[in-house]
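Protein chains in written order, with our numbering: chain A, 1 to 604; chain B, 605 to 930; chain C, 931 to 1204.
The hints are simulated quantities; they were obtained by calculation from the structure and are not laboratory data.
Treat each hint with caution, since some may be false.
Part of the chain C face toward chain B, derived, beta carbon under 7 Å [what the hints assert, rightly or not]:
id: 1; residue: Lys1055
id: 2; residue: Ala1063
id: 3; residue: Ile1124
Built from N, CA and C at the ideal position, the CB exists for glycine as well.
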Amino acid sequence: MSEPVSPAVEVANLAITLDLPDGSSRPIVEDVSFAIPKGEVRALIGESGSGKTTIALAMMGYSRFGGTISADRIRVGDLQIQSMGERELRKVRGSRIAYIAQSAATAFNPSRTIISQVIEPLTVHGLATGEQAREKAIGLFRALALPSPETIGDRYIHQVSGGQLQRLMAAMALISDPELIILDEPTTALDVTTQVEVLNTFKSAIAASGATAIYVSHDLAVVAQVADRIVVLKNGRMVEQGDAASLLQRPQSDYTRSLLAAARPVERGAAEEQAQSVLAVEGVHAGYGKVRDGLATIPVLSDVSLRLSAGSSLGVIGESGSGKSTLARVIAGLLPASNGSVRLNGELLSPGIDGRSKEQLRQIQLVFQNADTALNPVQTVRDAIARPLAFYHGIKGAAADARVSELLEIIQLQPAVAARRTAELSGGQKQRVNLARALAAEPTVLLCDEVTSALDTVVGAAILDLIDDLRRRMGIATVFISHDISTVRAFCDEMLVLYSGRAVETCPKPAFSAPLHHPYTELLVDSVPELDPEWLASLGGQHVPSLPETPADKSLCAFLPRCPVAVAGTCDVLPPPLVTVDGQRMLCHQRGEVPKNEDAGAQP
Amino acid sequence: MAVQGENRPAWIGLTRVVIQRVLSALLTLFLVSIVIFIAASLLPGDAAQEVLGQSATPQQVAALRHEMGLDQPAITRYVDWLVAMLSGDPGRSYIADMEVSDLIGERLRNSLTLAGVTALVSSVLALTIGIVSAINRGSKLDRTLNVVTLSLVAVPEFLIATIFVLIFSVKLVWLPSIAMVSPDASWGDMLRSMALPVLCLTFVVTAQMARLTRAAVADQLDRPYVEMARLKGVPFRRIILFHVLPNAAGPVLNAMALSLSYLMGGAIIIETIFSFPGLASLMVNAVTSRDMPLLQSCAMIFCTAYLVLILIADVVAILANPRLRS
Amino acid sequence: MIRSLASRAAALPLSGRIGLALVLFWLVIAVFGPLIAPYPVGRFVDEEVFSPATSQFWLGSDYLGRDVLSRLIWGARYTVLLALGAAVLAVFTGTSIALFAAIRGGVVDEVISRTMDTLISIPSKIFSLVLVAAFGSSLSLLMLIAAFTYIPGNYRIARALAVNLVGMDFVSVARARGEGAIHIAWREVLPNMIHPLMADMGLRFVFIVLLLSGLSFLGLGVQPPHADLGSLVRENISGLPQGASAILSPAIAIATLTVGANLFIDALKGKGDS
């Protein structure tokens, strides 16, 4: 492991403390040391509060919230960052060390053109004239596979998509040929299909520039694709470090092992399915704005149907804007469907809450994505859980207290938690209370809307295990709404894939590994990074660009512009037919029982 | 957004937005006129009784009511009044027995001069204080300015006026405490006589405007794009000038418009104290004598001025913001 | 309870503690004023007028030879209690309407909000002048007028808070549970608005003190024989050239009350942010 030449970046004994308003100070990073050889990508990985971003920013001598950085050495090339003043640091930032932020949407100034900001690292440091810088920027736009590279820079941020913005920010970082690039969760805000492309672009751009890079992330699988070596952090301290492949295969610490386990949900067996269906959604349309002829002005869901049998679980999957949360709101009655029907135990439900009986409302319970906003911050845990007990079951006083304790035990929290305000709980605890409140109603159908997306991986995995365990024990039919197809595959008996408001595929568990799926499902499956450093490379460059546009004719397949197997003459002319293969139902021309081209001909 | 709009000139969309804002302001003004008319018509007893006094016979009152059109239904009177206002004839003052337009003309000009000079002085001061405070957030200077402006916005105008009169007119005898403005006075005399009213109004308005400016700029300084600019090594001065100010322009302008509209409220006290022949003191007279046509006209002028200020701020903010612009 | 309030007050910055002390001082004066005042409020006690402060008349005498301190104490009672009543009324009404609009939404919300927008675009002093001209200025009318003038401002703030809260998931949870509008307004939304509403009530109080004193100063507010602090400034205006205590003390009294309240509210807000 010894390096013959001195490494490009060296950090020794880094500590960062935060001064608190009461005069004391709290260490947020302690005893961090690492060295990165030139041209290598080093990943800093950890959950929230691990100090990963704080450490990365310390490479630029910068600290948010006025933390104090102290270190024996922070060296980047010949720069001794730890002993530089604000004025010297300014000259180095953007020119020799560049930063790529998590959310390009907020890191770009909304009232200036993009290119004026992209060239700034060159112009403010006097490294080039405006004209030269523009030329260089356009070259980078082209290299980063941005559309219309000549003119895209003249737009404002609200005129380009999220994936493009992230690449534009990469151009801003690369433009000054820095020796160190810091990437701070640069793909976390993106949809999984976009993430792959951006990841690919970043990887080759860093390699082409020859710069050393620090890649900050919470996602081991993403990091595995880009990093040479990985540093695992927890609570501001280093847990272990090693080269990517061996760390993934032979983690040394328990913490890394738990991270790995959480990133790879184990597939569960199918629940004992009962034939009787508890929830049936038929041809639902829903959206916002005025409703005319059963269609809303701004449609979100079109013609979605699903069937959920008692005790089973259904996974609803789609990227942001696909309408998956809207589906949960329609079932719960929060957003009345403009057309179609929702039935509970065969009984037709009124579209809105007002027309539903208390008993009907009790049977369908919704657990929201963000536990921070799903619990009233001024209420105590007891208030939150006892309300449905009183409201639905008339349980009050000591009986309610006893039941609250029982429910807390079920969700694995101490009974003492009951007296605390919900605002004082951690994210994972909040989500458990959120779940307990839903269970207090004793529902037959539980709708879980992205219940783990706001949580750290390990905490989220524990919540998923808990829900899975409880629903099996109590026989509650469950709808898991998720953007993560691997979660759905592990936990659900059936999956429903939504694309721009349409159910493009429903697939029962036995068919999860069927050779053919809807092309969008396949794209989703292929886009989920695997815990294998070779995964991204193995995909090759054959990924289709994701264009967030839908065809002008609403009756055509919405996935058409991104579809790799679309055939001219059918897909762009006729609405997609619903085909059924061994229980799989797909909305696609190319997945029919009668093969129309060689692609589908491989099917037995 | 989906259409790149490169073929269509941007000003078409822009004009549409601006026209929309103007129409919205006109609608508000129309609604305000209804409110003011209703409020002024709710007079217990009525104006004819008020003019003639308690000793008048019912016949006299009825005759005057007819002459003043008070026996017409409220809607008719409102429409008549609105049409007359729009045609530049706000009616006749009951008490002064003069055309309201004649009473107002001269005084409106005086008030506008007072407001204009104050606005000019206080805008410069307030922007400086607000921006300096914001970029030195949390410093001793910022905290001191915070307490000072916070106190000034809560001090009644007449205390400020009293103190200034005591200092500049009574003790130092530099400036007159009565601001008589005659039409043929020289510019120097005019400025001298307006100095104290302007000074008092500036104090109050500046404090308010500086606070709002600081809040708007400080809000922008917390945005991630400012951190990004710092991490690109952009000098601080350039961050303020090229990154923060264009984004703060909208809120800051709005803050200025709001504070300037405060001039009108402040002017009521200040004009009265200094016997300044402006619109606000005229309005106070109208209230004292319950001269409703005059009162309605003054109130409408103040509301129009307020709406125009907000409208200007709104339109300039649209021009400064590319997202609203497209 | 009292101990926790005391410890919270001690945690305020200096300016906030000074503000709190001033507000408490004036509240005590307003409530116990009649017991403290050294002379009856209307009695002519001094042969001199506008006499300076002496050991007999701590704040001197006024333009008729009455004791300024006694009149100040009584004036503060009018100012504080009228403004407090009006502020409570304005916030209660504005917030009730705001909750109704935010929870009902749709056309109801639009009509109410448009009406309030119209009222808010009439500068408050102008509006209250029109109302005083129309209705007159008895004590109860003044309180109603001041409250009415500041309802739209409170409505705007309360509605913004409520709309934000109504959009939160916990309100959706309550709706999905089948809770009625009253439960949602009272148990889910309102408890989360208390702190900003209290701050707003404090600000309205400051505005109303300034408005009523201004009106009284113009002779359009509190009418004799009653006198609030603004009236005291007005009736002693002839003492201005000699800088009489009779004109300066009531003006300074108002300033200490409003500045104190402002400093206190600002200190509370600053704590809430961090």
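Hints and how they fare:
{"no.": "1", "hint": "Lys1055", "verdict": "holds, 4 Å"}
{"no.": "2", "hint": "Ala1063", "verdict": "holds, 4 Å"}
{"no.": "3", "hint": "Ile1124", "verdict": "violated, 23 Å"}
The structure is inconsistent with hint 3 alone, although it conforms to all the rest.
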